[in-house]
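Enquirer: Turn these sequences into a full structure, and let the hints steer you where they fit.
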Amino acid sequence: MEKTYSLTAHYDDFQEIKYGSRYSSSTLSNGMSLHLGGSLDRGSRGRSGRDKCVGGAGPGGGTPARWSRREICLLSALVFAAGMCVILGCMLALKFLSLEAQDSQCRQDCVKRRSLLRAARFVQGNVDPSVQPCHDFYSFACGGWLRRHGIPEDKLSYGIITAIGEQNQDKLQRLLQAPVRRKEQDSAERK
1 MEKTYSLTAH YDDFQEIKYG SRYSSSTLSN GMSLHLGGSL DRGSRGRSGR DKCVGGAGPG
61 GGTPARWSRR EICLLSALVF AAGMCVILGC MLALKFLSLE AQDSQCRQDC VKRRSLLRAA
121 RFVQGNVDPS VQPCHDFYSF ACGGWLRRHG IPEDKLSYGI ITAIGEQNQD KLQRLLQAPV
181 RRKEQDSAER K
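Residue 38 in the UniProt record's numbering sits at position 38 of the sequence shown, with consecutive numbering throughout.
No lab work stands behind these hints: they were computed from the structure. Take these hints with a grain of salt, some might be off.
Said to hold, decoys possible - The calculated DSS-like cross-link candidates involving lysine-lysine, where the alpha carbons are at most 30 Å apart (straight line), are:
#1 95 - 112
#2 171 - 112
#3 171 - 155
Expert: Pasting the structure below:
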């Protein structure tokens with residue numbers, strides 16, 4: 001028994017594999033005969049409209065085209081559309097990433113702006129505009145605060161620094177007395 005070899009023939013964009021002996025020839029299902037010399041003989045059935053060759057060669061001289069012009073155009077359009085989708089997706093991803101970075105920067109700027117506005121209101125509330133700053137700067141800078149706040153009976157002196165310290169102590173006391181909101185019961189957070 002002789003060894004058999006597999007041969008592949010391409011026709012109409014499909015592949016067909018035939019097994020044959022070393023010295024025989026076979027006939028394919030589309031009417032073309034396959035010889036072991038490697039050439040394909042066309043039967044009586046031709047491929048109408050599909051005999052165009054790649055590179056402009058005629059049907060007698062060149063190899064038959066595997067893809068029609070329409071298929072090549074559609075494939076090119078598909079590759080172009082896929083490339084545009086990838087580029088658009090990258091652009092959108094970069095835009096959203098930059099927006100997140102800007103949001104965090106905006107939050108920091110907004111906190112700074114709020115703090116500056118709060119400090120400006122505090123200073124404006126403590127200034128006494130009726131006093132000339134060149135004659136009595138202390139009364140100009142602290143006169144409004146002195147009118148609103150008297151010295152408590154239990155203290156010998158009372159000023160802005162003491163008031164700010166008391167406000168900070170009140171804030172800390174509220175934070176320490178507030179219940180801890182834990183995400184898990186086994187949380188290691190402690191007061």
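Enquirer: Now look at each hint and say whether the structure bears it out.
Expert: Hints versus structure:
| no. | hint | in the structure |
| --- | --- | --- |
| 1 | 95 - 112 | holds, 25 Å |
| 2 | 171 - 112 | holds, 20 Å |
| 3 | 171 - 155 | holds, 21 Å |
Violated hints for the displayed structure: none, as all numbered hints are satisfied.
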